[in-house]
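In order, the protein sequences belong to chains A and B.
Just so you know, we're using our numbering here: the first sequence kicks off at 1 and counts up by one.
Just so you know, we're using our numbering here: the second sequence kicks off at 1001 and counts up by one.
Please keep in mind that the hints were generated in silico from the structure rather than gathered at the bench.
Please note that a few of the clues may not be correct.
What the hints assert, rightly or not - Pairs of lysine to any residue, SDA-like flavour, derived with a Cα cap of 25 Å: (1) A/LYS468 with B/ILE1095; (2) A/LYS468 with B/GLN1002; (3) A/LYS468 with B/ARG1100; (4) A/LYS468 with B/GLU1097.
In this text, all values refer to a predicted model and were calculated from it rather than measured experimentally.
These are the residues of each chain, in order.
2 protein chains.
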Amino acid sequence: MQFHHHGYVSGDPRIQPAAGTGIDRPEELPGEVDVLIVGSGPAGMLAAAQLSQFPGITTRIVERRDGRLAIGQADGIQARSVETFQAFGFAERIIAEAYRITEMAFWRPDTENPRNIIRGGRAVDDTTGISEFPHLIVNQARVLDYFAEVAAHSPTRTTPDYGWDFQALEVAGEGDHPVKVTLVRSAGPEAGTEKIVHAKYVVGCDGARSKVRDAIGCTMAGDKANHAWGVMDILAVTDFPDIRTKSAIQSHDGGSILLIPREGGHLFRMYVDLGVVPEDDKGAVRNTSMEQIIAQANQILHPYTLDVRNVAWHSVYEVGHRLTDRFDDVVPADLGTRTPRVFITGDACHTHSAKAGQGMNVSMQDGFNIAWKLAHVLEGRSPESLLSTYSAERQVVAKNLIDFDKTWSTMMAKKPEEFDDPAELEDFYVRTAEFPAGFMTEYAPSLITGSTAHQELAAGFPVGKRFKSTLASRVCDTNPIHLGHHATADGRWRIYVFADRPEAGAASAVTDFARWISTAPDSPLAATPNELDADAWFDVKVIYQQRLDDIDINAVPAAFKPLVGPFALIDYEKVYGTIDGNDIFEARGLSRDGVVVVVRPDQYVANVLPLTATAELGEFFAQIHGSGKTAR
Amino acid sequence: MQFHHHGYVSGDPRIQPAAGTGIDRPEELPGEVDVLIVGSGPAGMLAAAQLSQFPGITTRIVERRDGRLAIGQADGIQARSVETFQAFGFAERIIAEAYRITEMAFWRPDTENPRNIIRGGRAVDDTTGISEFPHLIVNQARVLDYFAEVAAHSPTRTTPDYGWDFQALEVAGEGDHPVKVTLVRSAGPEAGTEKIVHAKYVVGCDGARSKVRDAIGCTMAGDKANHAWGVMDILAVTDFPDIRTKSAIQSHDGGSILLIPREGGHLFRMYVDLGVVPEDDKGAVRNTSMEQIIAQANQILHPYTLDVRNVAWHSVYEVGHRLTDRFDDVVPADLGTRTPRVFITGDACHTHSAKAGQGMNVSMQDGFNIAWKLAHVLEGRSPESLLSTYSAERQVVAKNLIDFDKTWSTMMAKKPEEFDDPAELEDFYVRTAEFPAGFMTEYAPSLITGSTAHQELAAGFPVGKRFKSTLASRVCDTNPIHLGHHATADGRWRIYVFADRPEAGAASAVTDFARWISTAPDSPLAATPNELDADAWFDVKVIYQQRLDDIDINAVPAAFKPLVGPFALIDYEKVYGTIDGNDIFEARGLSRDGVVVVVRPDQYVANVLPLTATAELGEFFAQIHGSGKTAR
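Bound-form chain A, shown alone (with noise of 0.2 Å):
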């Protein structure tokens, strides 16, 4: 955490100073925002939160419910949404509270007294250390809890505003604020009250219900729900061994259950298999009663026994896998002549089952996603191409995640008998591991994602991946620090700069990157406006390859300790050295001749290049940037 640069802070060092749109910030939803975002869910509270960040921005959310969600629905949280938690500054504190997964236990019907269910086995979760983050449950009012601080506490002070519905928005396609919403007092005394409200952009995270879905015409499409589910957080007494531990449960007449152990120590949810829908059905397995579906439990838990003593809450649910074919408002014959206003993201898009624990992750990155893209464009950084994006990556990946839960929904739904090996749901479980634990979304090359073309450099960070963190030994203060941890999320591009064999100083490839990075027309920094500090829009980082003992920092270039703040304070917290035994570049199969390393700001490995490859590296940018100075 860098602070005091600006002067000393007495205080929490989280609470940025106000600045920009947060001095003064109306608590009237305002009639023209930049940004509005409809919903206040994983997705919109992420998005809402990465903007917040932006002091020029002004960006509101609109939420239905008068007030805090009390309770909510989804409760897995993968690593891959804890490293995005540490990028917002409070994974720390959530994994505290969470309850943490380390292995899921597998029970089915006892061959000798089928009657009775036995542990099968257990697998270690994340075997292969795939993460530095644990996997966790926590409910997700409390994630919500926690971007709703982080935006409260921004530079722009976010907060949510609460008692709005969603009716209508039209494209008008023109005019500074061309989305014109319409919006209705959903609760308090002007309850029924129309407003508008014109925006540059609206992201609906609306749900699987979604208006701004029906608004800009898509459909959602997709196989109907025919398997019935139900699930309740529970307090209860039970001697079933494993119920601390998350557990897929087989029981002899095909009835199932996903058991969750939940924060707290003392809570779990239950998803008991209700088994298939009739077609005629029209709904009346929703009025299956709690008591029904904790006897449903207990038969499958035989021999053990459920006592049920307090129940949080409960609901039946047939959920569908349905996705819509895009997630902005550009319709395939408009593709390539204009660019999107309105972007919808998860349930908005894309449904399915929760048994692989994935819907709210995978929408708090599509909320990732759009939001430092709709800043950068806003800023003036990036042309508003870059935000046709958003639908090409993140449709994909819902489309993955939909073909990943069928299979495992429909092996969770699956009888013992009808599997060929009893280790089979384990072992499924264990070979795809990667999947639900969220890294293996890998964005096809774009605007913004470079070839392959020199992977080999750098083998340990593909392109289109997430940028896996590794630890290195920051020079300044003899710190093992974990790189990707430094990343915050401020909307910045990072650029590694993993340099060649010679010592910090000599003549070296990356001695002359560095100069060609703080002098050249052609490099991004290049962009950076003038009254910024330099490392305002690119964080620029070097690693050294030997130890910090060998490394003469004031011998490091200017490129990497620039000065910030109206002091003029070096930044020494960008120049690395290996650490002993744990070697970043063994660890991530780094070339010795040194290599640039590109990363979005949300994370995900935009470019590898040699430290040779400026040209390359300034054409690039220049795509998404533009090329010089840009008005802000």
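Since the structure of chain A is provided, determine the placement of chain B on it from the hints.
For chain B alone, kept in the frame of chain A given last:
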């Protein structure tokens, strides 16, 4: 973190439900209180945070200042303090914002060119893994903020009463509230108004010029200051390469600097040697200007330069090594005839240099030591004689601290030519590291510290020293857990039962022990009031020698699975197994015949006993708790 067992908690689980004196807690300082804490520094705020956990106790903390401390003098946080913060629930947050010391650099004159300083060496911090927590630097104001938050979120909703100046006290020796305290409004429209508060106990945490100390007739004895230091918290540009590493810098003319990098990546503190103060100086050295301090710093740093851009705080100080011979109001003549009513902590009873970064840390442990004792006496759990152990235990600790600091600060002030070996300072630092890290406190046998007769059964948990946490495997959820981290600052005694060889539930010494502790009339648990949860006063955990897969949770005795809360839910978080490759029995030298380790509410090991020594254990607690049920 355990919650939800009283029903679903929607918001931040760190905010406990208000209870007892926290319901309708009066804003105004009442005329009668259980505990009056004078001064809201580190000792006072820790004591308030600890006492605030007891719903039945009225604690008020008065502070002369009219609000929160904006910038404090102390900044060194030893690992022992971070352990303590963990118990109060904010370690992960303060770590995230603090500076972390991983190495210390030692600079001395270049023998070839003595006008220049060169780096003599770097010493790695905590090479022996004495704590799993880091060594930090963060301003005292932030430490106080966190304790204030803990107190405010506690059941009693305790907040400081700002703007009250302590004037005097009298111990009447009779009645329920025998300490009569005179306070005066120090700020606001009512400044000068007097108020009398009657307290059961008073804790003086009012610093080096303590009026509480004076009121109980204690005097500070020790050497006078003879060395002055200029101290400054600054933002500067420099080419001194270790500006972000803690450094001891000695120049050729004997001038020296202790450099402490601070939180946030830019600020740092320098203690600049101003030399020996003449006897007849009469405080003139305190008029040393900021410019003079900076000039002196530049001279010491030669050939490097320091260009100061902003001064957050500066001061000149000369502090002697001074100590009171008692920390409470019981004069030697009255020892044994009465128990104390007034206590003093921190700088009120011990002062020394800031060089070893000890002040705030030792003060906090003073507060931790007295607070739980007051609570247990006030709740009727323990006899008043418990309170006499405070002065007995902490006065010795302060004496040792002063002895250590004398040696260290004398060495820091020595001229290079006075050392036999240029590395002498560095060697001393490394050799004695456990002391400044806070782990050399070792309480002598007393009412609450047993003998070392059975120490060989648990060599790694020395009686009288703090319980060094180690990982074990929690059976219910397969999580690797630091046993010590589960011990929050809730005022409970901990009884760690390390099992003998047989598996859980089999006939064994631990099975017998479990039966005894949950049913015997001489078990310490027998004192716990019936209306409370079985583990309300004593947190009893079992650690089996087996791996978790070989432990049947259903076979574990009920003593280790208490029913808690209104729904009588099983608390599963008390049953542990060992971890492959990190067996706690090996790591802590525990007997394979089992052993009981008793730990105090302030984390010190109180006793080590064989599993069969139930009579001895019962007797130990009979002294502390009386026997049988206690009226509350």
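Hint check results:
Restraint check for A/LYS468 and B/ILE1095: the C-alpha separation of about 23 Å stays at or below 25 Å, so the hint holds. For the proposed pair A/LYS468 and B/GLN1002, the alpha carbon gap of about 32 Å is over 25 Å, so the pair is violated. Straight-line distance between C-alpha atoms of A/LYS468 and B/ARG1100 comes to about 24 Å, which keeps the hinted pair within the 25 Å bound. Only pairs whose Cα atoms come within 25 Å are accepted, and A/LYS468 paired with B/GLU1097 is accepted, the gap being roughly 23 Å.
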